[in-house]
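Undergrad: This is what each chain is made of:
2 protein chains.
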Amino acid sequence: MPKRDYYDDPAAPAPNSLVVAVAAVVLDDAGRVLLIQRTDNDLWAIPGGAQDVGETTTAATVREVREETGLDIEITGLVGIYSDPRHVIAYDDGEVRQEFSICLRARPVGGQIAPSSESQHVYWVEPERLDQLNMHRSVRLRIDHGLQQNSEPYLS
Amino acid sequence: MPKRDYYDDPAAPAPNSLVVAVAAVVLDDAGRVLLIQRTDNDLWAIPGGAQDVGETTTAATVREVREETGLDIEITGLVGIYSDPRHVIAYDDGEVRQEFSICLRARPVGGQIAPSSESQHVYWVEPERLDQLNMHRSVRLRIDHGLQQNSEPYLS
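Residue numbers (this note's numbering), protein chains in the order written: chain A, 1 to 156; chain B, 157 to 312.
For the record, the hints were derived by calculation from the structure and aren't laboratory data. Any given hint could turn out to be false.
Pulled a few chain B residues facing chain A out of the computed Cβ check, cut under 7 Å [claimed, not checked]:
(1) L174
(2) A177
(3) T212
(4) T214
(5) L234
(6) I237
(7) P241
(8) I245
(9) A246
(10) Q254
(11) L303
(12) S307
(13) P309
(14) S312
Just so you have them, the derived chain B footprint on chain A, three or more residues with Cβ under 8 Å [claimed, not checked]:
(15) 6 to 13
(16) 79 to 86
(17) 129 to 139
What follows is a list of derived Cβ distance ranges for each label pair [stated by the list, open to error]:
(18) A:G94 x B:V175: 38 to 46 Å
(19) A:V125 x B:A206: 33 to 41 Å
(20) A:H136 x B:R219: 26 to 34 Å
(21) A:Q132 x B:R242: 39 to 47 Å
(22) B:Y247 x A:S17: 14 to 22 Å
(23) A:Y123 x B:R160: 43 to 51 Å
(24) B:S272 x A:H136: 47 to 55 Å
(25) B:G205 x A:S156: 28 to 36 Å
(26) B:R242 x A:G70: 26 to 34 Å
(27) B:P283 x A:I113: 33 to 41 Å
Predicted, not measured: the structure shown is a model, and the values here were computed from it. Positions of the beta carbon are idealized from the N, C-alpha and C atoms, including for glycine.
Using the sequences and the hints, build the whole thing.
TA: Structure representation (structure tokens):
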């Protein structure tokens, strides 16, 4: 379980770990975004998780979205690579993980919306409703980039 | 030091590690590619290396290119994300690292060509001369993708 999330905080511990995480901004034909409400902290987020050894980045993203939302997706592009060392997550065991996240753009191709142990709710959300939802600024940044469908990938 | 490189080999050991590596296809105004001849195995390659904890992906790429070629670069885009679990590198200490490489496109903005302990030679190479150079197929793939400047990033 995460101990604490720090963003650009002088009191943050120095990172000692870099783990590949993947996430997806999944958009349907109506331009809505696929969001989950996390079970661990009640925040809204895009589906994602750690890339496992033995799988590709795209396969990891497809798997995480399926696990957390019930939907099958097709990858359509790259939203961005987010690797800001000022954003760290400190865990109880002493690990201080630096942000490293690859965010892909995708569209739904099958499956049925279903919550999971990690996602208490799964919804398609209209972009104009995003401001009403409580989410981490780093998640909102990825969604905003993901909605700009014709722009270059964000690279940090 | 790498023990052995396996590609799509039924005899390859199973990967047990995923480390973020970065690399760059650096192109000059004449369309030439910046290549190094590696010191450890004499193969030709694009500059790159592991992303350190505490730096961004783009900063790691700029640093590695500077260390291995003497040149300062500006990142201009993403060539691709290469994460094929059929490509593994086995090390003497038991680590079997799965390929995970982010390849950026860049252009030179300063510095002077200089070899290093890891790069015995550094050259600007015309694309039509690539076939004459001994290089790993995974490196050639990145260069070929990097030369296609108007195509979508490769995502695996």
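Undergrad: Let me make sure I understand: some of the numbered hints might not hold for this structure. Which ones are they, in numerical order?
TA: 2, 8, 9, 11, 12, 15, 17, 18, 24, 25, 27
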